[in-house]
Structure formats: C-alpha cells, structure tokens
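Number of protein chains: 2
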Amino acid sequence: MIIDKKSKILIVGLGLIGGSYAMALSKKGYSITAISKEQPDIDYAIEKGIISCGFAEVNANAVSSADIIIFALYPNVFVEWMKEYGKYIKAGTLITDVTGIKGAIIEKINNLVPQGAEFIASHPMAGKEVYGVKNADDGIFRDANFIIVPTRDNTPNAIEKCKSLGELLGFRRISYLNPKQHDEMIAFLSQLTHCIAVSLMCANGDPNLVSYTGDSFRDLTRIANINENMWSELFLLNKDALLYEMDCYRNCFDKLYNAIRDGDERVIKDMMRLSTARRKMFNKDGDNI
Amino acid sequence: MIIDKKSKILIVGLGLIGGSYAMALSKKGYSITAISKEQPDIDYAIEKGIISCGFAEVNANAVSSADIIIFALYPNVFVEWMKEYGKYIKAGTLITDVTGIKGAIIEKINNLVPQGAEFIASHPMAGKEVYGVKNADDGIFRDANFIIVPTRDNTPNAIEKCKSLGELLGFRRISYLNPKQHDEMIAFLSQLTHCIAVSLMCANGDPNLVSYTGDSFRDLTRIANINENMWSELFLLNKDALLYEMDCYRNCFDKLYNAIRDGDERVIKDMMRLSTARRKMFNKDGDNI
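Sequence lines, in order, name chains A and B.
Sequential numbering from 422 applies to the first sequence in our numbering.
Sequential numbering from 422 applies to the second sequence in our numbering.
Hints were generated in silico from the structure; no laboratory data involved.
Quick caveat: nothing in here was measured; it's all calculated off a predicted structure.
Where hints are given, some of them may not hold.
You can't tell identical chains apart in this list, so a pair holds if it fits in one copy or across any two.
Restricting the straight-line Cα-Cα distance to at most 25 Å, the calculated cross-link-like pairs of lysine-lysine (DSS-like) are [as the list claims (entries may be wrong)]: (1) 448 x 529; (2) 705 x 549; (3) 549 x 690; (4) 705 x 449; (5) 555 x 701; (6) 690 x 458; (7) 660 x 690.
Kindly produce the complete structure, drawing on both the sequences and the hints.
Structure below.
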C-alpha cells in the first residue's frame, strides 16, 4: 500500500463526489479531514463517520498539515481556491482533483501550486443525478473508471500514488490519458450525451407523454436531470472539443434525417447496421442482450 | 373475463412479441395456435408449452376457426398477409396487431378484413433488444403500456375485448389514442430516440472509447442495437410525424450548440433547468433520484 495509513488526507468540497471519496477512504481506515463551506454538511459527515474532522472555513493549519489534498470543487472554484489559499500547501504534498475537464485547468493549477508540492490531475468517471454529501455513496466507484491525467511535469511517484488512490477508492479500472485525449473522450462520451438528453427534453413539453413512456426513453433522458451550474461550466471549459463532437454527431443525425425524408432505405439500414455493430462492443455482462 | 377461456386464439408471427403474447396467454389457460414461417420456432414453442399447436405454412382451417387473431408481423408483411389470406377469416372474428405505427396501416387492413370480422389496432409498448420466440418473455409486459387505437369503425365490444387482452397479457396500464395521436407520440418517444442513438453510435468509431464508457453512455445507446429491417420500415411508414419531431429536436440541439459556441451561459442554464424540471415528471420509483 503506497499511501501510508498515517497519511493526512484533506478533502476540499464535501459534495457527492468529495463525500463518497471520504466515505471510501474512511472505511479503509484513513483519517479524513474536510473543508467545505456548509457547517451542516460537516456535522452530518462527522456524525456518519464519513470524516473525522472538518472545517466550514479554510483552516490554514489543516491545509499545511495535509500529505494529500483532494479537490472536489467545480473547476473555476478550484482555481479561485488555489489563488487564495494555495500558499498554505506545504512542500511534499500531493494534490489531486475530481474535475471533469482537464486542459482548461491543469496549467492554471500548476502555476498556483507552491514549490515542492505536486498536482496530478485525475477524474473519477462516476456520479449520480443527486447532489451533496447526504447522497455520498462509495458504491458508485465499484463499476467505474478512474482516469489519471499526467503531464510531463508529473513524477512517477505522484502517478503511482494517484493509482493507489484509485485502487483504495475501489474503481474497477484505472487508466491514463493525456489532457487532450481526456477532454476529447469526455466531450463525446459524457458532454455530448448530456447535450442530447437536454435537447430532447426541451423539444417536447406535452405532459401526456409521461403516460406512454417506456424504459428506453427513461434511460436516454436520465441524465437530462442536470446540475446547470456545474455542467454549463464544464461545457464552456471544454468548448472546442465539445463543439467538434456535436458537429460530428449532427452530421450523422442529418444524414439519417435526409435518408428518411428521401425514403433512402439503404442509407438508413447501413447506419443501423453500423450502429448495432458498434454498440455490441459496449455490451456488459448483465445487459439485456 | 370477457375473453372466453374456450376462445380459439391464433397468433400469426412467433417472434419476440408474438411468442411473449403466446406465453402469457398460455399461462392464463388459453389454448394458442400459431402460424409462423420457421418450423423450428413452432417446434420450440410447442416443446416449451408456449403454444398448443402451430403451422409453418398458412393453414386455412386454423385461420377460419379462430375467434381472435393477433398479428405480430412487420407492418408491410401484415398487409401482404391480409391480401393473400384475409379471405379465410370468418365473420365474427376479432383481429388485432402489435404494429408500432398505425396511420399507415389501419385503412389498408380494414379494406382487407372480410365482412363481419373486425380489426382493432393495438400496440404493446414493450420489447427487448433481442429477437425471436427463443427470447419470448411475458415479463416484458409487466411494467409496460398497452395502447388501444380505435377508429370510428370499431364497435364497443371489440374495444372492450381488446382491453381484456391487454389485461390478460399483464400490462401495467391500458390507454386509448387515435391513430394520429399514437403515431405522433411514437415518433417522439420511440422513433426519435432510436434515431438519436443510431446517430450517436455512427458519429465516433474510436474502439478505445469502450474502456472509458460509463453507464450514462450505455443507457443512452442501448437502443442503438437495432433491427434494421423492422425499424427502417417503421420510420418510413411514419415519415411525416418522425421528421417533424426530428426537426423540433434539432432546433433545440442547435440552440444549445450556438449558446455553447457563443459562451451564452444564460441560455445553456435555462435549457438545463427546463430539461431537469421536465425530466422529473418522468421519474419512477426506484429511479436513482
């Protein structure tokens, strides 16, 4: 175990993800401190044994005594936090995050990390359509991917420790991508799918539809229940990659539209065959297939 | 029970849906005869007790002795079948179907139904991404909607019997729509969602994506595994309603695209708030919400 049991781990931001990290690590016997802006969240987390100690304001001592700091904040809040309080971080501290985009923040954060400390970006690809520490659930990592996003500035030791963190949290799979690859992948798999679900829900307001809805529509629109503050920020911070994926998708949608309009059965069937073949690669055990 | 236990029920087409109907009705004590083109399907269904008797060719006697005939065929095959064999149907027989579009077939079928028999359209909104009687499963109706699509030509007795059929099959909810309402609802809830899933899978062929895929993407693309023969036929038979829904959806998608491109956070957030509010109406117990 490369992360010593006596390591002081600080989590900044006790939301769903920060809270779930804290829960998983506490269960493994680590002592977790948290900084989060709402006192009731701190109280709740202590009462439930999710953290051992917490502060509703930034506590310089808690920051400077941490060996590992995990930031579970919105990207822009993370940057602002570092501008204001980054100076408290001591040399030797390992910093990581949970941010859903990487290119837009890594350099900014690196410029704010004090000499001797190190930031290694990572992204837990897990979530729920609910928020806050009261919904914390370390089970969400069990079937999920943990992505480490190193740059040439990172040391092998930091990469190795980050991997151990992913293992401790119980992720099914740990992998490595550079920031550009990460952001392109996220633009397609996550951001574009949220754009689609939101657009679909906005397209039709007939309240009678609920009565006729089957599971396919529910599955497709589950992510249309979306935190507008977090996701609008993520979209805008990854604008180029997202617009590119939206363009590619729209071209396919338009091709299908035109084929239906023109009665071009060959094109429709070709697209469906391609879609079916590709989707089979994504099947999991337990799929209804 | 309005459908007498001694009724002779004939199912034409032993696919997933025809087979699941047969399974549900046999369990309720009805004696089910089937006509389906593959002898191995007939043999399998008899062996498993799904039907009591079956024919791999159209048997005039089986058709003319049926009190109720359920057509579980592709729409165009249904029409062709009626052209060729509809004459065998006796007066007093109730005919229904499972077809996913209604406007394009009801009049055609009505013109082919012999004097004294009656066709009442219905649509079991249930399915799986697998095919054939070997995947028959009457459990798929339990949480699903059964839609009866009467026209002014239908008698109250036929509507009532069709309702009893939906009850016998175990549907959670039975409702009534006219053909136009049905086809518009299906265009949005079912056909558009399949168009979206197919387009999304066609938009990106990177095989590495599988490693990073979470449940959201899997949920959204489950229906991208699609039977191209059935669905291209359904799309083209409901072209006008489907193109209309595709247009509305694309307008929303374009609005979101433009807002992201222009950095217009207000529009993005407004759309997300609308989407979230509407999606909440679709929540079911057991949703992760």
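Quick rundown of the hints versus the structure:
no.	hint	verdict
1	448 x 529	neither (33 Å within a copy, 66 Å between copies)
2	705 x 549	both (19 Å within a copy, 15 Å between copies)
3	549 x 690	between (35 Å within a copy, 19 Å between copies)
4	705 x 449	neither (28 Å within a copy, 34 Å between copies)
5	555 x 701	between (36 Å within a copy, 20 Å between copies)
6	690 x 458	between (54 Å within a copy, 23 Å between copies)
7	660 x 690	between (33 Å within a copy, 15 Å between copies)
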